[in-house]
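Visitor: Kindly produce the complete structure, drawing on both the sequences and the hints.
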Amino acid sequence: MNKKQKLVVVGNGMVPGRVLETLFEADPDLYDVTIFNAEPRVNYNRIMLSPVLSGESAYEDIIIHDEAWYEANQVTLHMGAKVTGIDRKSKIVTSETGISASYDKLLMATGSTPFIIPVPGHDLPGVLAYRDLDDVNAMLGFAKRKGSKAVVIGGGLLGLEAAAGLHMQGLNTTVLHLMPTLMERQLDPSAGYLLEKELSRRGINIVTQAATKEILGTDKVEGVLLEDGQELAADLVVMAVGIRPNVSLAASAGVEIGKGILVDGQMKTSDPDIYAVGECVEFDGHCYGLVAPLYEQARICAGALAGSGEETYVHSDTSTKLKVTGVDLFSAGDFADSDNREEIVFRDATRGVYKRLVLEGDLLIGAVLYGETSDGAWFFQKIKDKDPILDDDRDTLIFGQAYSGGPPLDPMAAVAALPDEAEICGCNGVSKGKICGAIDKEGLTNLEGVRSCTKASSSCGTCTGLVESLLAFKLGDAFQLDTKKTMCGCTDLGHDEVRRLIVSQNLKTIPAVMQELGWKTSCGCAKCRPALNYYLLASWPGEYVDDGQSRFINERVHANIQKDGTYSVVPRAWGGMTTADELRAIADVVDKFNIPTIKFTGGQRVDMLGVQKEDLPAVWADLNAAGMVSGHAYGKSLRTVKTCVGSEWCRFGTQDSTGLGIKLEKMMWGSWTPHKVKLAVSGCPRNCAEATCKDIGVVCVDSGYEIHFAGAAGMEVKATDILCNVSTEAEALEYCGALLQLYREQGFYLERIWKWAARVGHDKVREQIVENDQLRIDLFERFLHAQSFAQTDPWAERASGKVDAHEFAALAHVPAE
Amino acid sequence: MDGLSLMTSRWIDVCALEEVPIRGARRLEIGGQTVGVFRTTSGEVYAIENKCPHLGGPLSEGIVHDSAVTCPLHNWIIDLNTGQARGADEGCVARFDVEVRDARIFVNIPV
Ligand code: SRM
Ligand SMILES: Cc1cc2nc3c(=O)[nH]c(=O)nc-3n(C[C@H](O)[C@H](O)[C@H](O)COP(=O)(O)OP(=O)(O)OC[C@H]3O[C@@H](n4cnc5c(N)ncnc54)[C@H](O)[C@@H]3O)c2cc1C
Ligand code: SF4
Ligand code: FES
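Protein chains in written order, with this note's numbering: chain A, 1 to 817; chain R, 1 to 111.
Do not rely on the hints blindly, as some may be mistaken.
Claimed, not checked - Pairs of lysine-lysine, DSS-like flavour, derived with a Cα cap of 27 angstroms:
1) K527(A) with K51(R)
2) K51(R) with K563(A)
3) K455(A) with K485(A)
4) K213(A) with K197(A)
5) K520(A) with K386(A)
6) K105(A) with K4(A)
What the hints contain is simulated information worked out from the structure, not anything from laboratory work.
Guide: What follows is the structure in structure tokens.
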């Protein structure tokens, strides 16, 4: 009988387990096997720790190899024995507990170690990783204590499974995630949004863009402090921010490492007698954290150990599923955008379904599915097989396997085939029969008619296409598609519908709007994003977090870009007033920063032109020091309030027009609006401040104030309409504020006040502001409420270096040769 | 320098990945030119000449959407993959190879 060779395995995780199974199948008598495992237990299914944490499984259910298996295969297993030394010359390994074993072949499978962010307090008792059964048991210990609070740092796969499990165990659970959307490595923002919505609905508190500064506590965890100053109470902190291949043992033994232990296509390391598999390995630049590719490594490695291996390992794509009961989510392949790629997006807002396929040429290369993942495996197969997608199959591809190869769906034929009971509008529960009945009985010929008679398509609007197909099916050529103006190519909805639905459906983020309203692109375009950002800001003051990346450059950096890439700076001159000190400070700034041009604008203030971008914060700091703030000359916001000298000096002045102008500007500055807003206050009907061509104008008269609105003096020229006359300054402020708020609530993005008023009707505006006292008071109150969040000087924030510093500094300066 | 030297390039370690905001960009001043470094929603990083083919607008200041940027000056849309203007506009900017290694951005710049 041949003497068996000795195989020693370091680490007893899932992957070496699979190596041994395959090896024993091929030839059970080849090796004498000894395993060292740092964990004090047999091989168990690490993937299934989440159900153990949530209480849906027990440890016993997830054991892969029980003790009987080791006995049957004559494997020696040293449990709780961490290997600390490898002597490659004499081929002996030694454990921390003093056990040694000699080998002919060594298999390293040390897995990976969880990354712990080295913030202060990271070593306090109560800070855990999520890697093995001991971690799970420690977490379950906290679950026994009523009312315990858990904070999970990391909103990736592991963090969310931990959070879901802790939540199911009754802990009050918060997830802190550094990025704006969850699982950003596996999901696109739309799917990330749906996931966040579902987890929040269950009661898990999700905080995105949260950077951990410190873990608080003296001799155990008491809380977490974020960079932005927020503090969260916690009895338990789970760090799930990533893993690192565990290479320390290999490195100390002198085996070559990169990010992981370097192996060739046979899973052999730089030492021909040492193999490595699993998460500790780096192959061709790739490290893996999911079992599918690792089991493939195991198969190859077993072949190599058995001496029968001609196959070599090749890198392959992985797919991801989140194991949280009731959350269906799948992603695979590469789903980044690119010019030579096309996307197919399907959204069903009522059912919370989102699917996105990415094609490059005729190949499917990526898929993200949320809410309905039954076709995940089918798509993944197509990605891996690189099966060309035929043109005919493209239209139905997103509907998955069930539709594949069938005749292309004609939407008309599809609605014709539906039974009368089929539900067309999920929001309002309207069936096909009901819509057809209404078309016949009421003689409806268009979408609006169907909406007002049956309510179908009047809520979320995602069934609009179906309703239109039904109209076309019933009416034939008599039906003309409504040629309504949509916001942009990303949606079939107009500005009015989007504004209304944001409020009625309580949509509070851009991804929420895009998902619930069925955006056709995954992240919008330069037309819709600034509009959505404004609508959300105007609808949810104090709640919505402004998305800087959805703003045009001028609003993002609070200065006007010039044709040569420099910027202009216009400080506020309240009501067109200034002082000697302010002028002196401006002059100093101009000298100090070599600003080439200084000009009085048409808006009664000073413009400094040609400022370098990197100088902006310092320029602002100097202007701030002299009491000046941003004039918002760059914003869809309040610009200037021009005034004339009024009763204080002018022999014709009837009221203090300068004073009222200053008060109006102080009340309105900082407010974001659909388009820019300019005011003027003239002291008498001679109108030296040109109030009768402004968005809002006030002409002072003996009896009080004549309030004007909807003038234009740009590309269009149009005199204002009169809103009403009021007798006191307080009323003038209230009416103007209410009017501005009405415009903020109803205006379409990039629609000046005169266009808005022409669209809704000047009388309608008067009705709401002048005739309805309660409405005006409410509008004014809403305006002041919104202003309470809006009036922070954006220049001071940025001059402090604390906000958007990255906007102003260039990256590296490498001098020209 | 002799007249036979070939065009060469070198990899520049530009910054950490998170220093470029998602759906945003940064400017990189290098060798007398300005390069815009962009990061898209899906996390891809691109580097192109920071000069719009229309009238030289600084592309890094534009709005980034899918894999394109809209120029801040007159709204041309430049594709970050090809450097070409999209739609009816015609023009093209230079693009540079980018690699992300260990969460740092490297850009390959001709010298
Ligand atoms: C600086 C200034 C010209 C001046 O030297 O006097 C000016 C400069 C610009 N105007 Fe103006 N407008 C200036 C007063 C006006 C006025 C007169 C007024 O405010 O009394 C008008 C006519 C009234 C009006 O608002 O319609 C005016 C009508 C426009 C328009 C056309 C708007 C329209 O709806 O028709 C634009 C284009 C736009 O906004 O889309 C525009 C756009 C611009 C922009 C922002 C162009 C741009 O997008 O880069 C210019 C920025 C230069 C800069 O960096 O400062 N500017 N612009 C004035 C700044 C006023 C201020 O203190 O804030
Ligand atoms: C909670 C959780 C959920 C997961 N869910 C999924 C999923 O849904 N899908 C998926 O594909 N993957 C999932 N994974 C990842 C998957 O479990 C791993 O990819 C897989 O277990 C890696 O196996 P491995 O054998 O390489 O390493 P491990 O399973 O980590 O095993 C390494 C073992 O080696 C031991 N060890 C380390 N150093 C030494 C030493 N010096 N001496 C002796 N012993 C040592 C360690 O104690 C450990 O027991 C999940 C992981 C976790 C933690
Ligand atoms: S009129 Fe206004 S927009 Fe036109 S060039 Fe003059 S400043 Fe610029
Ligand atoms: S300079 Fe870019 S669009 Fe004109």
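Visitor: Are the hints correct? Go through all of them and say.
Guide: Hints versus structure:
In summary, the hint linking K527(A) to K51(R) is supported, as the alpha carbons are separated by about 22 angstroms, within the 27 angstroms threshold. Restraint check for K51(R) and K563(A): the C-alpha separation of about 12 angstroms stays at or below 27 angstroms, so the hint holds. Restraint check for K455(A) and K485(A): the C-alpha separation of about 21 angstroms stays at or below 27 angstroms, so the hint holds. At roughly 26 angstroms between alpha-carbon atoms, K213(A) and K197(A) fall within 27 angstroms of each other, so this suggested pair holds.
A distance of roughly 26 angstroms separates the Cα atoms of K520(A) and K386(A); the hinted pair therefore holds under the 27 angstroms criterion. At most 27 angstroms may separate the alpha-carbon atoms for a hinted pair to count; K105(A) and K4(A) meet this at roughly 11 angstroms.
In summary, the structure agrees with every hint in the numbered list given earlier.
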